[in-house]
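**Q** Work out the full structure: start from the sequences and follow the hints.
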Amino acid sequence: MPIEILLFKLLLCGIIFVVSLGVAAYATWGERKFAAVLQDRVGPSRAGPFGLLQPIADGVKMFMKEEMLPNKSNKFLFILGPSLFMLTACMVSTVIPWGGDLTLGGVTYNLQITDINIGILYMFGVVSLGIYGIMIGGWASNNKYSLLGALRASSQMISYEIAMGLSIIALVMMTGTLSLREIVEQQNAGVSYVVYQPLGFLIFLICAFAETNRAPFDLAECETELVGGYHTEYSSMKLGLFLFAEYINMFISSAVMVSLYFGGYNFPFQTEIAEALGLSANGLTIIQTLIFFGKIVGFILFFMWVRWTLPRFRYDQLMSLGWKVLLPLALVNIFITGIVMWALGLIGNN
Amino acid sequence: MENTSHLWSYLPIVAMAVIALGFVVTTMVATHYLGPRRKSAVKDDPFECGIEVKGNARTPFSIKYFLVAILFVLFDVEVIFMYPWAVNFKSLGLFGLLEMFSFMALMIVGLIYIIRRGALKWE
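Sequence lines, in order, name chains A and B.
Under this note's numbering, the letters of the first sequence match residues 182 to 531, in that order.
Under this note's numbering, the letters of the second sequence match residues -2 to 120, in that order.
No lab work stands behind these hints: they were computed from the structure.
Treat the hints loosely; a few may be bogus.
[Said to hold, decoys possible] A partial selection of chain B residues facing chain A, derived with a Cβ cut-off under 10 Å:
(1) Pro33
(2) Cys46
(3) Phe69
(4) Leu89
(5) Gly93
(6) Tyr110
Note that beta-carbon positions come from the ideal geometry of N, C-alpha and C, so glycine has one too.
**A** This is the structure:
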């Protein structure tokens, strides 16, 4: 790898890290504003114009709060839990293609931190590591509510991971690759994979809600039953990391859904528009990245809309939805995809 | 990028891990020293809605959670088997498709079995 590309990748790592923290911070503000609009309130309005400085105020407050270590807890694991959760939340962004190629001074830089050929598997691997963060945190607290919350969260996440993996298989059958960049590039003709895989997308979307512990799947932190769920005992920035990582997860899973099913950074008629406007390749890349972020924001707003609209599931309903509805549906989706691709003669005959 | 070895493309992931780790460690240390520290025996008790703490939280819990975890391992291994097949699906042709359908049929039989035995029934 040439040295300038390596430096660029390191710079990109830093930028993406800061951007995902920024998006997560402003997603908390957005969530509160969005809830306020839906409930006919004003929402945060004191810190800065439209309450825009609220996330910063919240962050400072979290840092200045007293750090509590419950006397019955396992100290090392108690600190490890939120750290691991945050660490894994930040790691998925490395395989997401944030944009096309930028050519600066004769060298072509790729706006993806790294294009590994097992991108989807890497993503699943890192996402499942996040469960350890919750489980360790909940167990180490030595609190009944925390333990129950952690158990609920982890068994919910692993249950929906199966349906999620199966829904992706139907997509991989069509793409023939596990690299997220190639999947996005295949969609640049204007037709996104959501058109071919509507059922797969629906399953993936529902599983993404369950994996990120968002309503209506937020049983792990069901305040009427479990106080705060797995983070009941946490305070100061340790609690902050748990909450923050959830918003990062929401941002990242939106980015993954956009890349897999909604064309990633592509947008309809992009070559025609670029020609009509006389855009250079670099200009198009920048616009594509902005469009990509626009789509992600759309998904984040959808996550929020669902949270403030639907009531929470009961635990047995949640489990039977995952195992008895989504898992068979995902298998049916693979079946249909296989049959249709065979009928259309898209597979070789040997 | 094409001519470079594969191992190099994992280097940025390590870089990201280092950045994230640095952030987490800094946050943990900062919040430890910035906040006030006023310890007391009652305050450091585990939270139980205000009443006195009774016993240890690490008591036996419902076997169902364990059962779900075991079933997850079973099914996830089956899902992992399907990934290499899905990547090579187009070149494997009709034979590969039928092979996978028989595998999926076995998987569905297993699923029906565990549902019938009530392994996923929550009261």
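**Q** Hints first: check each against the structure and report whether it holds.
**A** Hints, verified against the model:
Interface restraint check: B:Pro33 against chain A, minimum CB-CB distance 5 Å, threshold 10 Å, status holds. Given the 10 Å rule on beta carbons, the hint for B:Cys46 holds: about 7 Å separates it from the nearest Cβ of chain A. For the restraint placing B:Phe69 at the interface with chain A, the shortest Cβ-Cβ distance is roughly 4 Å, inside the 10 Å limit, so the hint holds. Satisfaction of the interface hint for B:Leu89 is found here, the shortest Cβ-Cβ separation to chain A being roughly 7 Å, below the 10 Å cut-off.
Proximity of B:Gly93 to chain A holds as hinted, the smallest CB-CB distance being about 8 Å (cut-off 10 Å). Interface restraint check for B:Tyr110: the shortest CB-CB distance to chain A comes to about 13 Å, outside 10 Å, so the restraint is violated.
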